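Asks: Each chain is listed here by its residues.
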Amino acid sequence: MSGRRLAAPRGSRIDRERTLSFLWNGRPYTGLQGDTLASALVANGVQLVGRSFKYHRPRGIFSCGLEEPTAIVDLIDGRHRTPNARATVVELAEGMVAESVNCWPSVGFDLGAVNGWFAPLLPAGFYYKTFKWPNWHLFEPMVRRMAGLGRASLEADDDRYEEVCAEADVVVAGGGIAGLSAAVAAAQAGAGTILITAGTATGGALGWRDDGELDALAAKAAQAGVRILTRSVAFGVYDHNLLCATERLTGGPRGPRGVLRERLWKIRARSIVSAQGSFERPMLFTDNDRPGVMLAGAADEYAHAYGVACGRRAVIAANSDSAYQVAASLGAAGVEIVALLDRRAHADIGAHVDGVRVLPNTGIDKVLGTSAVRGCVAVAADGHGSRPERFDCDLILSAGGHAPAVHLHSQAGGRLRWLADGAMFVPDGAAPGIVSVGGCAGVFSRDTAVAHALDVGRALALGFTVPSATPCGAGRSLASTRIADARGKQFVDLQNDVAAGDVGLAALENYRSVEHLKRYTTTGMATDQGKTSNVNALVLMGELTGREPAEVGTTKFRPPFVPASLGALVGRRVGRLYRPLKHLPAAEWHAAHGALYEQFGNWNRPAAYPVGGETLHAAAQREARTVRRSLGVFDGSPLGKLEVWGPDAAEFLDLMYVGTMSNLARGQARYGLLLNENGIVVDDGIVARLDDHHFWVNTTSAGVERTASAFEEWLQCEYTNLRVFVTPVTSRYGNVTLSGPKSWEVMAAVGFDAGLSPGSMKHMTMRESALGDVPLRVLRASFTGELSYEINLPVDATTAVLDRLWTAAAAAGGALYGIEALEILRTEKGYIHIGTDTDGTTLPGDIGFGRAIGAKTANFVGRRSLLRPAALDPQRFQLVALSPADGRTQLPTGAQIAASDPPTTPEGHVTSSFWSPELGAPVALGMLARGSSRLGERIRVHHLGERIDAIVVKAPFIDPAGSRLHG
Amino acid sequence: MDSAAGITVELDRGVHVAALRYFDADALGERIGALLGAALPSEQRSVRGRFAVGDTPYLLAWRSPNECWVLCDDGAPIEALRRSLADSRDACVVVQTGGILALTIAGARTRDLLCRLGSAASIPRTGEARTGRFADITVTVVGLAEAEVLLLVDRAYANHLLEWIRATIADF
Amino acid sequence: MQNRYSAWSLLRGAFSGQRNWSPAWTDAAPKAAYDVIVVGGGGHGLATAYYLAKNHGLNNVAVIERGWIGGGNTGRNTTIVRSNYLYPESARLYDFSLKLYEGLSAELNFNIMLSQRGLVLLAHSRHDLDAMSRWANAMRMNGIDAGILSRDEVAAMVPGLDMSPQARIPVLGGFTQRRGGTARHDAIAWGYARAASALGVDIIQNCEVQGFVQEGGRVVGVDTTRGRINADRVGIAAAGHSSVLANLAGFRLPVTSYALQAMVSEPLKPVLDTVVLSPGTGAYLSQSDKGELVIGAMLDLFPSYAQRGSFAVTQSILAGVLALFPAYARLKMLRQWAGIVDVVHDSSPIIGATPVPGLYINCGWGTGGFKGIPVGGWTLAHVLATGENHPLAEPFALSRFVTGRLIDEAAASGIAH
Amino acid sequence: MMQIPCILCGRRDESEFVCGGASHLLRPPLEASDQQWGDYLFFRDNPKGVHLERWRHAQGCGRWFNVARHTVTHEILSVYAITEPAPR
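Protein chains in written order, with my numbering: chain A, -1 to 965; chain B, 196 to 367; chain C, 2 to 418; chain D, 9 to 96.
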């Protein structure tokens, strides 16, 4: 318990007047407004916060930012859990509930820690070498239970997320002094500028060091109109300069509707400035994962920004001049610096600090203490020289140099180079559209960074290019942060428990490519994405294989720079807004009349209208029977409707459809089959000629957009000489369909024009008519085999006309019918449903259109494909009608046809199958090899092990002469 | 009508819409100039005017090189326009009333709402008509004034658009 | 000499300070000539080399890899293995592959972590139910395990699915192949590489093919960044880069390269046991043994060789995931990447001869190459060794794009409604 | 996510467009051989480099147009009308 709150004035981010209470692992604590969960835990002396992934070793807080590998916690609010939050960036809030992950029963006593005893048996990749016998299945459940960090809840998230799009001339990712300078300069030069900063204000991680310059810049930014997004992190650069960021919203108290939790920003910028700073690189020494070992800069930030001391007596393990600044600064804050052990030779050290004992060429040989640091033993870093020396301390600070946050630069396609002096990867030139400034460009001298950033901002605003910065100010660091002859475990990746020995094993086993290293050892693959581990891992691999870090290279940087919540990435696209669902113009009317809605394609449609507790099946049977006996009323509004107009419309439709449309007389209609260029049937419909150059085209409900797109593509890209317009009018027209012998009787009763009577209007014709002042386009076509009228009318009149027709139909003993009854009726008639009876292999000849094609002289889309050997194969599947041999057993849809039991090659399958209320027997359609020549043959269908015999029969099942069509 | 601080959203039930289709806007210009008293809008523009007959105000919104939408509070002038082109082989009018719905959005936060529906590049300036992806569906947005836009959307998707808007402004 | 992997070898490792291990495979420098060259050091190429040596006794074989082995789609996929294909030709091919997978850990002495936790396909409409009935029955006829699941059975197998009445994407039932599951992708590459290397195959990394040397119209070798290497039989197994190699050899393929994205969440305690595929939303996901949710997407639908992926597709696929699992909104995406897949019109692979005698190809697996690795290697090895296409691969020859005998596995689940 | 410069509407987000694949394919007549027809239907250059392809501003003006785009960098080098010949 060595962490503690320091006295004012330390703590630039906290408000000492405002206390917040929170629960940590079930125990109450208090923190201050402005604390992170991590700083509050440190202030309360909590040191052990989690357990590592593999060995369940005790772990503490390691950093003060988004690179945190070990302080991973679950946040609990009400029914919801947010797993794997980084305590170092979680803003403390009143009533917060947080707990450790990956430990049981508690973080202090974790049974998983037995793994640590077996650590020698569990080197990198051990699972590739064992658990094979007798079977991985035996071991896997145990492994799965052990793995994973946080726990997810299965309660639907009722918080909300939104997405905002923006444009900017310049967007700056990072609100430290370099980013702020660039933003101010750009805005002052007239550029529309957005600045993205992670904190609650600008200033960056080093903002607490401010001497007034930051405040002045922030004032200038406001004055120049820089739009500042706080609590935001830019996580990805995508094609053509799209920068994406998430903004954390504080939202206020949680209501019953949840809160607006996060906002996704999609910013299209002319130029992007990356100013995301750098991460401190840790030192590799034995047991460098113990609670109480942490990054030096982090301890400094806790002390000054949060007024929290992470320990009383600190030893600093250094490989970098920055350690000296930390020593001085922390010393001033009241943390005793026992010693500064510098791994570098005296000559390489470019800084100094008063009053601190500095030992050059020295590193840590071992850390004393398990759940908390009690001290350490230092030795000569090069393995020669003085004898070990023991230091008592409760804090070990690791200062291995810095790794610039080159992520955005690299995501944008920028290359990296290894800077040997500073032992870091820096941007190698600029990537298109993005410039790095400050720490992420390797510029660690503040004055140079500011000067360069101002130049960059100004130049980008004016449309000039700027030379990349020359890295400076980091001093000399060694690539290797490990002492010679280190023994035991030096952790490279703290969360995934990858130690230096694992890297050695990867080298020994030839997993030497940086990608193999990553995958074999899992280094860099934890939730911290390797921000503190990647450079150490590849430097180590280089040492072990005699290569420079530049030769080893880095793995590719990909979005996201920090993990982004799925909710934020999705925004409003949840629930009903996931994908638009289309509703009928008379949707409420149908609901009031008992419709049982189901989704068909993206339409919500009545499947049936059950009455008196009927099942869907019973309702559909009744409805289908009623259509055949008297009449039914159907809402066909989703039916695709296109108007095709132009001097060349007839010629065009001939080119599109298998059927010929140019010889239709005015008012006549014809069935059309639409193919793709590969000859496959993709849609069908009815084409009616309204006028010489004006056609009405009905498509399937789901196929209209595809058909309209295909028409446009052929018109715009191939038949560019044809003068034709295709205008979709699906939503303009409602469609009320009457079907059944009494259809006309009911229409006549309602007052439809006598010219529409079956006597004067033939099957497959279309008439323009009117009902009162409602203009109509009435099509006589039938998908049921009964006398049918498809009444197309202005959409706003749909409900009224439907209601009038239904009133009369009900009086005449009619029924409303839904999709399910329609399926029964069309199957009884042997009418196909594209996509149900056909699939991605069906050619027109397979469904009986061979002769129609032979009769047509004109070319049409897909025709040439019908002449290939595959199309002429006599073994092709062809549409057939099927009846069960016993006359009773319904053939399951999807059942396979085969003469023998499996395994065998099926010769077809059942595509549509229903119980016919009219026949009192099942009816089915199917595709069968050589089907058209097998009438009367007995076949066998197989369904989930069940066998049913069936007979190939002649379609249709009902009214073979087709006389019912004519009323 | 829906509203929140700085914004109102209203579905305009009375608007009549037609698609005016033409092969060549220039060639057609003279013929319908007499009817509209104005030239057809150029790319991504909208035009406001009054029908020569009856002095009824209309709005034309560009959709494509071969199409613009005609909006009017009265169906009669649109029907007159349709009839006057009935014998043309160069142009036609397809009535879309009821099939295309119009939403008016006004108020200081209009742009805040639009950039929560779609990409900044698809948002029109005043006098423009831009068709683009908003709320994941296709919407034509007409910039009527600095803080006022008209959204034209296929009826089948209007509910979806309205729900997205309502959810968004509830968090304003 | 390679170690044999076992619990005992790990114990020896524990006592030797892990110094007992030998390289998993040896990096070879190219020789002047080989009997067979395999271009592409991914799963398919390495498996080809292994089966050339194992099944056909051809040890004088080189695998040439432009980068690092397993670095293409083998290391960039969602690790799903299954054989739920509709047509007999595909069913035979993919089930042969799955059977090889089932014995692979033992055969290669490398734990590929084949985890047959089953896969569930979700039916979101009655049309889907019918299509799945056909699918399941077709598989059973072809001798492959398959079953239909009721809505309740799906709910029990897949906790967290939105089964509420107001769900935008309703779940009406589903379909399962219990032998489906996942395998550890890197282990496939490394396991084949190690076994091939032990049989004498040369694995040559960082060696890019720049041309095919032809004499009298026949292939006689390859020009590479490390010089000319001769062989009169050359196999290409380069997935998304197949067209690039074909162009070098002077012919075109019926292939378009697209980016296919995948992403993982942060690791979680177990929430999802099976592989879940939702054709209706385009999303498919599983939870890895490490605890990460592995999420696969649909294609970025424009030609691309960039291993990035469009953010619009990322968003759309995650929206699909949240439509199915509304609780997952609180989870975080940890990594996202893309592989370049070789998409063919009928979504079936191309295996066999090319227009250039001596040059053979295995490509066109599109989004499903991982599950096909063992059979892809087996059949490419067969044609390289014998000059005859393997019977399993015969229907998948390049000639089908001329005859029209496509094996349409993409559209088989139904197109228009 | 790319921005595609529509020939009429200017730069818009990729999600408003659909890509129609390779451009400048010559459609053979009915008399073409199976080989020629297969070439037209299926066989593509599929270059790793500049690709001439057609896109439609599907959620905008609906126009098809040609795009010269690099398939690795996704840089768009030019856009031109659907009826224009391939740039050299």
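Calculated directly from the structure, the hints in this document are not laboratory data. Some clues are possibly wrong.
[Unchecked claim] Pairs of lysine-lysine, BS3-like flavour, derived with a Cα cap of 25 Å:
| hint | chain 1 | residue 1 | chain 2 | residue 2 |
| --- | --- | --- | --- | --- |
| 1 | C | K55 | C | K100 |
| 2 | C | K291 | C | K270 |
| 3 | D | K56 | A | K218 |
| 4 | C | K32 | A | K127 |
Remember, predicted model here, so these are calculated numbers, not experimental data.
Asks: List, from low to high, the hint numbers that the structure doesn't satisfy.
Replies: Of the numbered hints, 3, 4 do not hold.
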